[in-house]
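Engineer: Listed below, chain by chain, are the residues.
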Amino acid sequence: MRIDRIRLIVQAFCFVFLIYGGILGFSIGNAVPTMACIYAEDRGGACFLYPFQRFMSLPLSTLIGATILPFLIYLGTFFLWGLVFGKAFCGWICPLGFLQDLLTRARQFLGIDGARFRWASRERFQWVKYALLALLILIPMGIGNSLGGLPKLSGDWAVPFCQICPGKPLLPLFSGDTSHLLIDFSSPVKLALTSLLMFLTGVFLIGGFVKRRWFCLYCPMAALLSLFDRIGFVGLKKKGEACTRCGNCYRACPMEIREIADERDRKHMVTQDCILCMRCVEVCPENKALSATLLGFPVFSASAAGFLKRQGCAPPLPIEDFPHDSNSN
Amino acid sequence: MIQIQTDRDEKQAKRLSLHLAMSVREIFDRLALEQNRPEAMAPFDTLFKKFAEAPDEILPSRPVKKVGLYCVTVPEELVYAAGALPVRLCAGSTDAAEAGEALFPDVSCPLVKAAVGFTRTGALGFYRGCDLVVIPATCDWKVKLGDLLSRHVPVLMLNVPKHKTTETARLFWYDEIRRLCRALEKLTKTRITRGRLRASISLIHEAQAEFRRFQELRADDLCLISGRDAVEVANAWFYMDAASWTGHVRCLNEELAKRKQRGLGVMPKSAPRVLLTGSPVIFPNWKIPVLIEDSGGALVCDELCSSGRLLWDMASIDEPLYDDMFDALADRSLMPCTCPVFTDATDRRVKLLRMIRDYRVEGVVHHVLKGCHPYDMELRPLEAELAAAGVSQLKIETDYSPEDTEPLRTRIEAFIETLKGRRLKMGGAL
Amino acid sequence: MIKRTRYLKGILCCLYIFLIAPLAAADPGYLWLEAGPQMRRMGGGDSEGAMQSGNTNSGMAHGRPVAGPNAPPRPASHARQVSADGHGASDTQSKSPPEKRAAMSHPAHYTLRLGWPAAASASCETLLTAEASILRPDGSAQKLIPHLETPEAVRIRDAALIQGRYVISASFDQTTGDTHYRLFTQATMRNTGEKPQRHPLPDQKDIHTRVPRFLIEDLSPDPGKNFARVHRKYTGDKLPVRLLLSEAPVANQPVTLTTASGWRQTLTTDEKGEATFALIKESFHDNEINKRPVTYFVTSEIRRPAHSRQGPRGEVLRSTLALLVYPSPLDWESRSAGLYALFLAMAAIGVVTAIRRRQRKRPCA
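Residue numbers (this note's numbering), protein chains in the order written: chain A, 174 to 502; chain B, -17 to 412; chain C, 139 to 503.
Derived from the structure by calculation, the hints contain no laboratory data. Warning: the hint list may mix true and false statements.
Beta-carbon label-pair distances, calculated as ranges [what the hints assert, rightly or not]: (1) 89/B <-> 400/A: 43 to 51 Å; (2) 276/C <-> 349/A: 26 to 34 Å; (3) 276/C <-> 278/A: 46 to 54 Å; (4) 387/B <-> 470/A: 51 to 59 Å; (5) 267/C <-> 198/A: 40 to 48 Å; (6) 376/C <-> 249/A: 41 to 49 Å.
Backbone N, C-alpha and C fix where the C-beta goes; we use that ideal spot for every residue, glycine too.
Given these sequences and hints, build the entire structure.
Structural biologist: Right, here's the structure in full:
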C-alpha cells in the first residue's frame, strides 16, 4: 500500500480521535504539539499553543514562582511528544494538515492543477512562522507584565495566536459548532483580530485548495517542532552518493523543500519545513537514496521496485498493444 | 544542375546503403560465430540485420506518425501520448558520417555527421520519412544540426537550459516541454489528455522496469551478458516500439535469470570488470565494446546516453494531473541528465563513483568521439577526481572509422592487462 | 475610579447603618449565595477584582472570560439553552488556596448575603449562625461552616475536588417580633476536576436541621458530561425553576424574578410547581461594551401562621436563587458579518489566484 494512503488513513483516525475523542472520554492532554483545536468541544487532546499562551500571559513573578512546576511539567510533556514524534505530528496527526490534504484530494479529484511557489516567494515567507512564534510569546507576556515599561496590553489580546488561527473557526465546525465564524465588534482589537481570522480562514481554504499544505509554511508549531529535527526519534536520511538529483522528491514534496533534491552532502533531511510525510521516499527511484528512520534505523527506504509499484506499473502489457488508439486518430 | 546534384546524391545513397549493409553483415557474421549468446537476443539481431537487408522494415509498420528524436533529453512519453512513434535518430555509421562530412569542419562530431549523411542521402528511409524531427539544443553540434536537417524534414528545436540548477532553467524547460507537446498535438491532431499521458508514462515505466532489471543482472558477478549485447539491446530501443522492446527485454531478462541460476556467464570470472563512459556508442559503431571484450575485459556497465543512461531515470507521477505529469516528464529528461553539456559535473562524477561501487568496476574507459567537445572538456577534472578515488582509467579518443582499431586494440589490451595485474596485486584470484 | 468606589462604599455603609439596618432589623429580607470573591487571574487580585463593591450591580469585576491556563476557553455558543449553573465553577478562584487543589478544579466558594435583591445588601455577622451544606457529585453531603473571611464577608468554602455538579444550599432563621423568618437559598455549580470514584455512597441522611425547607430549584437542562466546558447563563436564555417545600412542589405560588437593576416579573407556578422566566436583556452597555455579568434573583415567599402555639405567631418562608447572567455576546458579535467576511475573502483570493494562474499559463498555451 502506498504510504500516502496509509498516511491519509492515519490522519483520518487521528482527526476523529482529536476532534471527537472527548465523547468517549479519551484525552491525551493539553500539551499536544499539533493543531488539535481547544475550541472543539469534544476534543480528545488539545493544541499546545493555547495553554502555552495562557502561561505566558501570567505575570512573570507568578510564572517562575507559583506556577513554575505545572509550567515545567507542561513543557516537559511537550518535549516528550516532540522528541518521540517530532514533525510526524505535522504530516500524520495534525487536523489542520489533514484538512489541507483533503482539500488537495478534492482538487485532484476535480482534476484542477495545483500551484507551486516560486522559489523566491517561498523563501520570502520563510520568516513568518518565526515572527508568529515570537508574537505569540511576546503579546501574552505583554498582557501580564509591562514589557520595557510599556503599559500592559488589554485582555482582548489574550491568546493572540488562537484568535487568528484558522483552526479556531474550522475545527469546531466538525462538532457542529459554528460559533467561531463571527466578527467581534466589542473593541478595535477584537474587531481587527476576528476580521483577520475570517480573512485567514478564507485564505486557508482557497490556498489549501490551490496549493498543497499551503498554511503549514506559516505555522509557528512547525517552528517549535523544528527543535526536534535533529534529535527526534523519527528522521529522514539521505544517501547523497545514490542521488541523481532527478528532482522527483522536490516535485512531490507538499512543502516544496528544495534541499531534499538539491543538497547531496547533507544527511539529515528533516528541514525546518519538513512534515515527515515520507512522500519524497515514496517517489525516489534510487535504491536507498532516501530513508525514513526510527531511532536511527531505517524503517522505510526508497527503492526502484517500490517506486514502480507505487507508480502503478502494472503487470506486463501484451506486446504490440500500445498505443491502443493510435490508429483511430 | 539539379539533375546532376540528384544523380550524385543517388549515387552516394546507393554507396552508403551498400557500405552500411557490408558493415552490418560483417558484424553479424562475427556474431554468428559466437557461442553462448542468450537466445533471447534474436529479436534484436533481427532488427539490426534489417539495416542491411530491408532498411524500410526497420521501424514498426503501423500507420502512425513518426517523430524523430535526438538526445535523451526529449521525453518519449510525450510522443507516445500524442499517438506517434518516437524514433531515435542518433546515428553510428561511419559511412554515413563520410557522406555527411562535406558540410562539417575537420574535427566534428561523427554522430551528427552520420545523422546528416543519412538524412541527405536518404539511405535509411526513416531519416527523411519522419513527420517531425525534435532536436534539443544540447551540444554545439546539435545546435547547428537543425539548420542542416530542416531542408529535408520538418524540425522542432528545443531550447535546453544548460545551467539546470536554477529556477529559471526549470521553468523555462517546463515551458519548452509544453511547446513540444503543442507541436506534437498539432502533428497528430490528438489532444494529449491526462489519461493518455498517464498511459504513456506507464508504458515507459514498464520499459524502465525491465531495463533496471537488466542492469541489475549485468551487475552480477557472472557477467551474464556481454557488453556489446547490452549495447545492442539498448540501441534497439531507438527503433523499436516501446511495448515490443519491453517484451523482448523481459524474455531476455528471464533467460539471463535462468543463466544466473545455472551459473552460466559469458566471460570468465578472471575478466576485469570495466565501465565505459563518455560519448555514445551507437549501432553499427560497436567498436569499443567489442575491443574491450576481445581484449579480455568484461564490460559490465556503461554510463552512455545511448545505453546505460537511456532508460534509467524515471518520471514520477505525484498527482495524476496535467501540470504535474508534464513537469515530471520535463524533470526526468533534464534534471538527472549527466550529459557534459550541462554546467554541473558533480552529478556525473557521483554517478560514476556509485556505479563503480555497485558494479564492482575495476577499470573505467573514457570514450571520447573526436569532436565531442563536452566530454573532452569534462574529462580532465573527472579523470583527476576518479584517480583520487583510486580508479584505473583509460582514455580513448576515436571516431566511427575502423582505421584506428589496431592501435586501440593494443592500448585496450594493455589496459586490461594492467587491471588483471592490479587484481593480482590486491590479492584477488584470477 | 477606585477612590470613587470607596467613597460610594462609605456612603452606602452609612446608608446601611442609618437607614436600612433599622428596617432590616424588622425584616431580614432574603438570603442568597453569591459566587465567591472574584480574583482576576491576570491581575493577581488587584483592587478591581478583589471584592465586590456591594453595589446593586453586583456583577463580577471580571471583564472577560479568563480561566486558568489549563481551563478551556469560553464557549461562545451562547444560544444554548443549557447552561447557567457553571458560573461558580469557572469563576470561583481564590487568592488564598488553603485547600488541596485538583489540577483543573475550582473550589466552591460563596459569600452569604442577606437583604433585598437588587438593593444594598451586606453580609453581617449574624449570618455566621446560618446553616450551609454541600451535596457533592459522589453523593456525599457535608455541612459547611460559615466563617468571616474579611470583615465584611461571611463565606462558605469547599475544596470541590471531584468532577460533577455540586449543590450548595444555605438557610438562616431569624425571629423578629412575632414573625419567624426562615430564609433559604440554593446554588449549583459544575466543576471539572478528577472523576468521582464510585465508592459506596456515604449516609444520605438529610443533614439539615431546619425544616421545612423551601427551595427554588434551577431546572436548566443538564449541559452534558463535558465538564471541561464553562456553562453560563446569557441574557435571552430561558430559566425554568421549580418551587419545592419539604421536597414537594408548590403550586400556585407567586415567584418573582428581579433583575440587577430592579426590574421585576412575577409568575405563578403551575401544578408541578414550575415556572419559566425569560432572562430579559438588561442595559449592559453605556459608552463602551461591558461584558461583565450581573446577578439576577428569583425569589419566592410563603407567609403562614406558625405551627407552634408558643413563640412567633407568623412564619415567613423565603427562598432565593441568585444567578449570574452574562450579557449575550450577540450584542457585540455578528456571525453573518463573519460569514460575509469569510466568503468575501475566499472569493477575492480565489479570483486573484485564478487570474494569476491564467496569466502564468498563457505563454505556453
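Engineer: Decide, hint by hint, whether the structure agrees.
Structural biologist: Comparing the hints with the structure gives:
no., hint, in the structure
1, 89/B <-> 400/A: 43 to 51 Å, "violated (60 Å)"
2, 276/C <-> 349/A: 26 to 34 Å, "holds (31 Å)"
3, 276/C <-> 278/A: 46 to 54 Å, "holds (48 Å)"
4, 387/B <-> 470/A: 51 to 59 Å, "holds (54 Å)"
5, 267/C <-> 198/A: 40 to 48 Å, "holds (43 Å)"
6, 376/C <-> 249/A: 41 to 49 Å, "holds (46 Å)"
Consistency note: the structure conflicts with earlier hint 1 alone.
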